[in-house]
Amino acid sequence: MVYLTRLEHFNAAHKLYNPNWNKEKNDEMFGACANENWHGHNFDLFVTIKGEPDADTGFLMDVKKLKLIIKEHVIAKVDHKNLNLDVEFLKGKMCSTENLAIGIWNELIPHLPKNVQLHCIKLYETPRIYVEYFGD
Amino acid sequence: MSKKVAVYRKEHFNAAHRLHNPEWTEEVNNKVFGKCNNPNYHGHNYELEVKLVGEPDARTGYVMDMKELSNIIKENVLDKFDHKNLNLDTMEFKDLNPTAENIVVVIYDLLRAKIDVKFELQVRLYETPRNFVEYPV
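Protein sequences appear in the order of chains A and B. Every number in our numbering is 5 more than the matching position in the first sequence, counting from 1. Every number in our numbering is 13 more than the matching position in the second sequence, counting from 1.
Think of the hints as simulated: they come from the structure by calculation, not from any bench. Hints may be right or wrong, so weigh each one.
Unchecked claim - Pairs of lysine-lysine residues, derived as DSSO-like cross-links and limited to a Cα-Cα distance of at most 30 Å, are as follows: (1) A:K55 <-> A:K72; (2) B:K87 <-> A:K28; (3) A:K30 <-> B:K87; (4) B:K48 <-> A:K96; (5) A:K70 <-> A:K28; (6) A:K69 <-> B:K44; (7) B:K44 <-> A:K82; (8) A:K28 <-> B:K107; (9) B:K44 <-> A:K76; (10) B:K93 <-> A:K28; (11) A:K127 <-> A:K72; (12) B:K87 <-> B:K127; (13) B:K127 <-> B:K80; (14) B:K131 <-> B:K23; (15) A:K76 <-> B:K48; (16) A:K76 <-> A:K55; (17) B:K23 <-> A:K127; (18) A:K30 <-> B:K93; (19) A:K82 <-> B:K48.
Looking at chain A on its own, in the form it has when it is part of the complex:
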């Protein structure tokens, strides 16, 4: 079993705000992140797949194809966007890094070839904060 990781990046605006709570409760829970006018981040996205290398190519997967899948199904939807307003797969969800990682996992799964498994979505919100999602 080999694990292969592709790093991509995007930047976006968001806010952490639960519409079912009043402003005071949102400010108390989310602090500066609840700013109604948004703030933003440079996100670094690590997509890790796993499987057996192909006998003929030596590849687990052509990384160029993996890059195109990530670009088409994730980066094009989130880069230079407002995560709360512009991103269909986050509609109705809290735009935390945790939920963004799960959403990215779900966007990628249908488009990966049968012979590889998605292993991990690792998503940096800042250079000091990241989450990992393994699909379970």
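Following the hints, complete the assembly by docking chain B onto the known chain A.
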């Protein structure tokens, strides 16, 4: 021989912004600023490097107490811009396009007003790990 030493303090903040010239049509804005013109904004983790040049003080050995420099940056820059929308939440960019170039000049002016003129000051601002600007040059 000069005993000037450069000292650096790194800080960071994150913010939303949009690049947009209100005097242009939407079409021209889109052509010039592309996806940076998204009306719903996008955002960045900004990394800030502040450079001071001066001679170490004979008594302390410091060019400047870095804690003091950190406090000046925090009070005059980070408290204004961190977790903010640069276009909507700040006076500085009410009528100024918040490009990295304009942000670095604004930050320099804010800090220059608070730092003794005996120190040379230079500010470097990373908008992304690959795009950064410096002022003055």
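Quick rundown of the hints versus the structure:
1. A:K55 <-> A:K72: The hint holds at about 15 Å.
2. B:K87 <-> A:K28: 26 Å, holds
3. A:K30 <-> B:K87: OK: K30 (chain A) and K87 (chain B) at ~26 Å, within 30 Å.
4. B:K48 <-> A:K96: 21 Å, holds
5. A:K70 <-> A:K28: 45 Å, violated
6. A:K69 <-> B:K44: 29 Å, holds
7. B:K44 <-> A:K82: Between K44 (chain B) and K82 (chain A) the Cα gap is close to 20 Å, so the pair holds against 30 Å.
8. A:K28 <-> B:K107: 25 Å, holds
9. B:K44 <-> A:K76: Distance of about 22 Å is within 30 Å: holds.
10. B:K93 <-> A:K28: 21 Å, holds
11. A:K127 <-> A:K72: Roughly 15 Å between the alpha carbons, so the hint for K127 (chain A) and K72 (chain A) holds.
12. B:K87 <-> B:K127: Holds, at about 12 Å.
13. B:K127 <-> B:K80: Answer holds: K127 (chain B) to K80 (chain B) is near 14 Å, not above 30 Å.
14. B:K131 <-> B:K23: 21 Å, holds
15. A:K76 <-> B:K48: 15 Å, holds
16. A:K76 <-> A:K55: This hinted pair holds, its Cα atoms lying about 19 Å apart.
17. B:K23 <-> A:K127: 26 Å, holds
18. A:K30 <-> B:K93: Roughly 23 Å separates the two Cα atoms, so the pair holds.
19. A:K82 <-> B:K48: 12 Å, holds
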